[in-house]
Structure formats: structure tokens, C-alpha cells
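Hey, can you work out the whole structure from these sequences and the hints?
Here is what each chain is made of, one letter per residue.
Protein chains: 2
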Amino acid sequence: MSKKLTSRAEDYSKWYNELVVKADLAENSAVRGCMVIKPYGYAIWEKMQAELDRMFKETGHQNAYFPLFVPKSLFEAEEKNAEGFAKECAVVTHYRLQNDPDKPGKLRVDPEAKLEEELVVRPTSEAIIWNTYRNWIQSYRDLPILVNQWANVVRWEMRTRLFLRTAEFLWQEGHTAHATKAEAMEEARLMNNVYATFVENFMAIPVIQGVKTESERFAGAEETFCIEALMQDGKALQAGTSHFLGQNFAKAFDVKFATKEGKQDYVWATSWGVSTRLVGALIMTHSDDKGLVLPPTLAPNQVVIVPIYKGEEQLEAITEVVNGVVKDLRSKNISVKYDDRDTLRPGAKFAQHELQGVPLRIAIGPKDLENGTVELARRDTLTKEVVALEALNEKVEGLLAEIQESLFNKAKAFRNSHITEVDTFEDFKTVLETKTGFISAHWDGTNETEEKIKELTKATIRCIPLEMKAEEGVCVYSGKPSKGRVLFAKAY
Amino acid sequence: MSKKLTSRAEDYSKWYNELVVKADLAENSAVRGCMVIKPYGYAIWEKMQAELDRMFKETGHQNAYFPLFVPKSLFEAEEKNAEGFAKECAVVTHYRLQNDPDKPGKLRVDPEAKLEEELVVRPTSEAIIWNTYRNWIQSYRDLPILVNQWANVVRWEMRTRLFLRTAEFLWQEGHTAHATKAEAMEEARLMNNVYATFVENFMAIPVIQGVKTESERFAGAEETFCIEALMQDGKALQAGTSHFLGQNFAKAFDVKFATKEGKQDYVWATSWGVSTRLVGALIMTHSDDKGLVLPPTLAPNQVVIVPIYKGEEQLEAITEVVNGVVKDLRSKNISVKYDDRDTLRPGAKFAQHELQGVPLRIAIGPKDLENGTVELARRDTLTKEVVALEALNEKVEGLLAEIQESLFNKAKAFRNSHITEVDTFEDFKTVLETKTGFISAHWDGTNETEEKIKELTKATIRCIPLEMKAEEGVCVYSGKPSKGRVLFAKAY
Chain A
15 MSKKLTSRAE DYSKWYNELV VKADLAENSA VRGCMVIKPY GYAIWEKMQA
65 ELDRMFKETG HQNAYFPLFV PKSLFEAEEK NAEGFAKECA VVTHYRLQND
115 PDKPGKLRVD PEAKLEEELV VRPTSEAIIW NTYRNWIQSY RDLPILVNQW
165 ANVVRWEMRT RLFLRTAEFL WQEGHTAHAT KAEAMEEARL MNNVYATFVE
215 NFMAIPVIQG VKTESERFAG AEETFCIEAL MQDGKALQAG TSHFLGQNFA
265 KAFDVKFATK EGKQDYVWAT SWGVSTRLVG ALIMTHSDDK GLVLPPTLAP
315 NQVVIVPIYK GEEQLEAITE VVNGVVKDLR SKNISVKYDD RDTLRPGAKF
365 AQHELQGVPL RIAIGPKDLE NGTVELARRD TLTKEVVALE ALNEKVEGLL
415 AEIQESLFNK AKAFRNSHIT EVDTFEDFKT VLETKTGFIS AHWDGTNETE
465 EKIKELTKAT IRCIPLEMKA EEGVCVYSGK PSKGRVLFAK AY
Chain B
15 MSKKLTSRAE DYSKWYNELV VKADLAENSA VRGCMVIKPY GYAIWEKMQA
65 ELDRMFKETG HQNAYFPLFV PKSLFEAEEK NAEGFAKECA VVTHYRLQND
115 PDKPGKLRVD PEAKLEEELV VRPTSEAIIW NTYRNWIQSY RDLPILVNQW
165 ANVVRWEMRT RLFLRTAEFL WQEGHTAHAT KAEAMEEARL MNNVYATFVE
215 NFMAIPVIQG VKTESERFAG AEETFCIEAL MQDGKALQAG TSHFLGQNFA
265 KAFDVKFATK EGKQDYVWAT SWGVSTRLVG ALIMTHSDDK GLVLPPTLAP
315 NQVVIVPIYK GEEQLEAITE VVNGVVKDLR SKNISVKYDD RDTLRPGAKF
365 AQHELQGVPL RIAIGPKDLE NGTVELARRD TLTKEVVALE ALNEKVEGLL
415 AEIQESLFNK AKAFRNSHIT EVDTFEDFKT VLETKTGFIS AHWDGTNETE
465 EKIKELTKAT IRCIPLEMKA EEGVCVYSGK PSKGRVLFAK AY
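As you go down the protein sequences, you meet chains A and B in turn. Numbered per this note's numbering, the first sequence spans residues 15 to 506. Numbered per this note's numbering, the second sequence spans residues 15 to 506.
One or more of the hints may lead you astray.
Repeated chains share a single entry, so a pair holds when one copy, or any two copies, can fit it.
[Claimed, not checked] List time: in silico BS3-like cross-link candidates among lysine-lysine, alpha-carbon distance up to 25 angstroms:
hint : residue 1 : residue 2
1    : 36        : 270
2    : 265       : 117
3    : 101       : 128
4    : 128       : 71
5    : 71        : 61
6    : 195       : 466
7    : 304       : 270
8    : 466       : 504
9    : 497       : 472
10   : 117       : 128
Hints in this document: simulated from the structure, not taken from any laboratory.
In C-alpha cells, the structure reads:
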């Protein structure tokens, strides 16, 4: 079917771009920077959504929906947030098209249908939501508000890449309101934990939890918690963030509440989100030169069955056996697809399922029918074995669990072997360019040093790990005192 | 808690608007015509989504996601479709804001960041999707494509009402591609059937299936199938539509395929959608002067339990019993909420749950503890009975099924009693103004007559029913020959 994939060693970036398209996950659209998420890619996102949504509800959150548009006057109310996003806002200025008098059959924007106030297509929804919360909150009895929204957002990025950075993307954004600072801070931590649990257990991607430095914080936040993952090319990827917003948005939108003691106070806020970017992280963590590798939890089909036959009669005999296998596997909640298309040869089917990362492939031919066996192939290790039909159900169940664990362990071993402690700036630069990965180094805590290092090396501080060792030291760049090591890396 | 609802008899429209807000379903936002869907309203929409999504997948469809924006040149390619939607398009013209030099702290649209080509915020996605399908389809082997998208769309309506007509709304839009006309027509019929089944069985709203007249068709369709429901005020509401699009979009976007015989042909298309408008239909079909009435299938909480107590000790004893009840009900997949808030009296809780349409309410006090009973109240009939604890589980299960059926039957009886056959234009006008509802009348099949009747009475042809009796007659307006009765009504 499709031509061979560029290998990771050859050109990692090209490998990624090709893989996304060839595995039928997504493609570029006619709209600059916006992607089409194809059914196979969307099925993976749906599985992520379902699990996250379950976790959000289990922690007491409810879904709601707020407008796509933010009037400019609301958008600019929280100044830091507005400043942070102003440069990438798509703006609606008109509400009507009309026939173009100069070009028959063509349309033009109706100059008479200009909006009095421009509407920003939401790059994030704090402004519109906090403007709404003002009417929802009068007293401490109305708190907390624990709301999440599944939505599309638009950030007019200049350089885009499928899943990793697109002008429009899909995400969820939680927006919570609390009576106390401690409670809001606790919520921000909790949701960062939920993200870490989800990404590790469900996506099999190990992450490091930490907080962002001031310069890397979300615009309008007082603290940004994050989870950071490491891709196979040694670059870091921010997989999710959870923000403690203090009273910034409450002040900007005048959201006050009567406390238990009858005083008036501003409400405390958090927001948190993950996006379709996670699909990019998934691809770049597990996949190989043959294509996608999917953890069983996220695979649209966990098992595919390919019949090897000549003629209708053989196919019928095989299909009869396969029907039993399909039924057995489904009774164990294993998703399975019987690929009996007559338009492709088995070899081409194998290649496609390898490319699309189906965790387990069962092949069954006339010999197998005689012997009561099947051939079982594992996508992650590319190993095959012959399995007796009666042992198949249990075998598959066991292997799916094993693959899930093995993918995580493999990624974790790689990640752990790519955290390097360095103590000199020379080593910093060498490791960054040769070994790559996270660099654990002392930092003097200043914006200036952080900026300078970024300028010189393109590495940024990915996070100050929550589990940072207390360790006195000197800054790898300035030589000034430091209280612990932070993680630097080049990042997506 | 909230003040009394306006009654339906007093002012139906006001009743609806108040109910939507008071029952915490939705509210108007700071953006003209756009609504905020509140958690309780969104929970109902989520249940509708889940069931529809299941039905779409069961009929072989997959989800995908296409861009929010449509470049103007693509939007105008299918001329009828473009003409139909041009007057209500929100248009993005710029991609950046900047500090306003004249107003410190304020932003303005950056005049230098004008898009070369304006982007229409999708009012529907045929254009962007068929432009994409061109690259997905080469041969008959690539067909059919059975894709659905859950998305937000924007139509700049001048007069908006919560759920019923909003500038932004949530919906699903199916877009399928087929090798033959017959197959596409069959798909359009099938999905209209899926909608009818969903709306009747799940939402307990009876519908009439039919096709639209030419003037009421979707812009760009060759046939529009629809389901029409009747609201309690005697106005009709279009609850869903499924369009046979012929080869119009394939021709506009040059989507051809190689047939089995090796010829080139244009692809046949359908599209079909339902939206958050259905929530409006739900409210207007079942609710009463005390508030919302929800069919159990769509109720976020099917059962609410309210403790009646004085002092901590009584509450503890009640809670112990309630915990058992909750566990039992949940084991039957019945959603139940224990409302033990200490900030509201039982009467206020009763009022709130009545307003929010919880199908069954259980009250339990000290007397009940002694007797091993509870008080069980039904929202739809407002009847109460005392039930023995040991019989509760079965009773609740039975009642939920009974309520679902009863709501449907009640709505169907009302609808059936509001289909009136008339044979003179005098009767037509009288029935429309006094009895209201659907009017079944002969029509000569011309656009002119349809227009004239609309102009004189505000009634439109809601549909030509699929199960139209073949009956010779004369047009109620023109006196010209007619082959069967069609359904007229005033409509939302």
C-alpha cells in the first residue's frame, strides 16, 4: 500500500509527519494551520475523552458549555491573560456575506454588517466563563463550582504541526471557583495529579510533575502545575497544565461572595486543560519505524484477525472459527476486528495494521484449522507465536495487559536514562546537543538567567519538579547560589 | 426558592423562557444570541449524545473532526448552499489584536493582520468536508464514507431563543459519500429513521416522518427528509433533518470516483443533523406549570431522596437506611441522588426537584423508619404513595418504565388530537387560530400556493408525510387538483 516510512534516525520530524498521515490519523486542511482529524485518529481521541471525562466526574466535576466567542471588552479585562493571547486571536468582525456586485456567483463580506464590538474566537475561556460566574456566585453556599468544558479553541500559531500545534484544536478546560486560596490550590494540584495518572496509566507515557517558572506560566496564573513527558528524539513535551489563578479573574470580573462570616471576598480560581496535542505525544512516545504503536487502552481495535485462504470454501471454514473467536474476545470486552476484505492480500493487511498500531494480530489459515491453532503477532515487539485456539482468549487478555505495562516501562527506562545531572555550562551544552533529554541542573531562580540560557541553547526550564531534592548548589550558568535542581530541555 | 413560574395558559412563551432559566438548563450570555448551557442542561444533552452516538456507530458510522473555519472561496462553491447561508455567516477577517495606541490597557484589531481570504465560521460543514473528501475518494473501493461530526456551528440569527434558535449551537452532522443514487437515498431515509426512533423511544416525543417541499428544503439538497413534532401550544417543531444531496457537492468540489466498470462518476451524498434544539423540544413537549418533566432515559438523576429529620441523630438513622437504598437502586443502573444538604428545608428541596423534573422523589422520615416505608412521589402525575422498603427497588424500576411510556402516550394523544383534516380555506384559518396543531389539507403542489398560504396565515407545509394517504382532492386554497394531504402548521 503506502510507501515506506522515513525512519526516525533519518529524520525524526519527517517520520512523525509521514506517520500521522499514513496511519490515517489526521491531515492538513484547506484552512491554514487547521487539521482534519480522520476517523482512526478521532477514535483514539474519543477513548482519551471517555476516560478523562470519567475521571473528572469521579472527582466531582460537571460538564457545561460556554460561547465560542468572547467580546473584545471581556477578553481584555484580565490584562495579563489578554496580553498573553492577543497576538494569536482570530477575530470575527462581520456577520453577513452578500453577492459580490463585481464578481457574479461570488460572495463578499457585507460592509454594512460590521459588528459594533469585535468577537474573539476563544483561545481559552477564562474571560467568558468568569464573566458568567459573576451571576452564579453570591455566597459561600454557591461554592465550589467545579465545571469542565469540552470544546474547540483557536490560537493563530504561525508554525503548525498536526496534533502538536494547530490553529484550531480540541481540548477540555476545567474552570473552578473556590471560597479559599487553600482549596483552589488543592484543586489545581488534584487535577494535575489526575492528568499524571491518566497519562501514565492510560497512555503509558511516564511524566514528571512540577511547577512552571514565572516566565513559563499561563498568562494570568499565579502558579502553573504541569506534567512533562519526553519524546524519543530527546525533546520534552508539556502534556497538561493546571493553573492556580489566585483572585486575578475574580478581580477582573468583579466576582465576590459573602463568606460564612458575612464578609465580602473575591473568589479563588483554577483552570486546567489537556488537548489533542496528547495524540501527538502518544505517537512520538511509542511508535517505531514501522508505524504507530498503541497501548491497548487507546487502540480502536485491540486485536485484528486476518484470514489466509485460497477460495471461498477455505474462507468459509476459517470464518466459522473466527466468528467463535470474535465472540469469545468480545465477551471479555476486547475490541476485535475481522479483516476479511477481499480487495487486499494478507501481506498488505499486515502492513496496514502494523502501520496503524493494532496491538495484536491473529492470522489463521488452513494449516491452523487442521491443528486447532492461530498465529499471534505482537505489534510492540514484532514477535510471533503459534497459540492453541482453546488457550487464545486467556493468552490475548494476558498479552494486552503485558503490552500496556511493557510500553510504559520501556518509555520510562528511556526517559530515566535521559535525565542527566550536569554541573557546568559546558556539560549542559554538550549533553543537550549530543545525549539530549532532560538536564537536571542548578538554577539561580532569576528570569534573566533563564532567558540567557534559552537564548544560548534553546533549552527552557520545563519545570521545577514537585519531588525536587533539596540540595544546595550553584547555578550552572551564573554561579549564584541555588536550592535545588530544575529540569531543562528543548521542547515541543 | 425561586418565584412561581408563569403558567402555560397565561403566556406560553414566557413560561418556556422562565423554565429554561429557573430549572438551571441554560442562560443568555454576554455574546448576542449565544447561550451558556449550564451543567444540568448539559447533562441532558450528554445523555442524548451518548444514545445518538451509539445508534450512529451501530449503523456503521465513525466520528471525525473537520475545521471550524471555511475559506470563503470554498464556502461559495456550491451556490445554492452558499446562498442559503450567506446572510447569517460570522466572518473572521483578522488574526491578531494589538494594544490600542489611543486607549491604554485596551486592545484593538491589528489592521496589519488582515487575512488574505476571509474565513466563514461554519454554519454547516458540507463545503469543507466535500473539499476534503475529494482527496479521500478515488475509486468505488473508497466508498461508502460514513462519517459523523459532533461540533459547534454558528448561524447569525436575528431573533434567538434559548435552545430553540441560538447564534451558536451544538449539533452532530453526518456526511456520507456513496457510489450510487439508490444507496445515498437509502442512507438519507435510514438516518431519518434513526432520528425518529431516538426521538420517540428515548425522548418520548412522537414525530411524523415526511419530506420537505422544495421551498423548505435544506439549501443544496435534492430531497430533505424530516421528523416533525408538536409542542403543547400547538406549534410544530422540526426535530431533525436528513438530506439527499444528489451530486451537487461532488460537482461543486469535483469529487469523482472510478466505478467498478472503470468509468468516472460523481459521488452521491447525504448529510443529516440534530442539535441542542432538541432540548427545547423536550422541554416544550412534557413540562408543566410546576416546571420540567423529564423522561427517565434523559434525567440526570432519575430518583432523588430527601431526608425529613430533626437533629443529627435522626439524620444519621435515616442516612443509614438511605445508603442501602442508594446501593440497591444503583445496582439496577438507576441514577439516584441523596439530597442531604443542610442549607435547605425539605419543602424547598421538593420544589427544586419538581422544577428540575426529577422523575421520582423519595422522602423518608422518622415515621418511615419505624414502619419500614418511604413516601414515593411521581413527577409526571404529581401522585404520591407509601411504599414498603423491601418493595422499593422493584417499584422504582417499574415506575420509571411506566413514566417513560406514559409521557410518550400522553404526548401522542395530544398530537393525534391536534391533526385536523380541513377541506376549505375558511376552516383552515379557523382551526389554525383556535384549535391549532397540524392541519391536514390538500395542496396543489405549487410553490405559489404554498407561499400565498404562508403569507396569509403564517402556516407552512411542515412535511409531506411518508405515510400520506393516496387521496384525490382539490387544493384547500387554489381549488386545483391534489393527490394527497400534506401537513400545515405554524412552527418554531
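Verification of the supplied hints:
1. 36 <-> 270: between (52 angstroms within a copy, 22 angstroms between copies)
2. 265 <-> 117: between (50 angstroms within a copy, 21 angstroms between copies)
3. 101 <-> 128: both (22 angstroms within a copy, 13 angstroms between copies)
4. 128 <-> 71: Answer is neither; intra-copy 42 angstroms and inter-copy 42 angstroms both fail.
5. 71 <-> 61: Cα proximity of residue 71 and residue 61: in one copy and across copies (16 angstroms, 14 angstroms).
6. 195 <-> 466: neither (34 angstroms within a copy, 65 angstroms between copies)
7. 304 <-> 270: neither (57 angstroms within a copy, 32 angstroms between copies)
8. 466 <-> 504: Only inside one copy: residue 466 and residue 504 sit 14 angstroms apart there, 70 angstroms across copies, limit 25 angstroms.
9. 497 <-> 472: within (23 angstroms within a copy, 77 angstroms between copies)
10. 117 <-> 128: So residue 117 and residue 128 pass the 25 angstroms test inside a copy (21 angstroms) and across (21 angstroms) alike.
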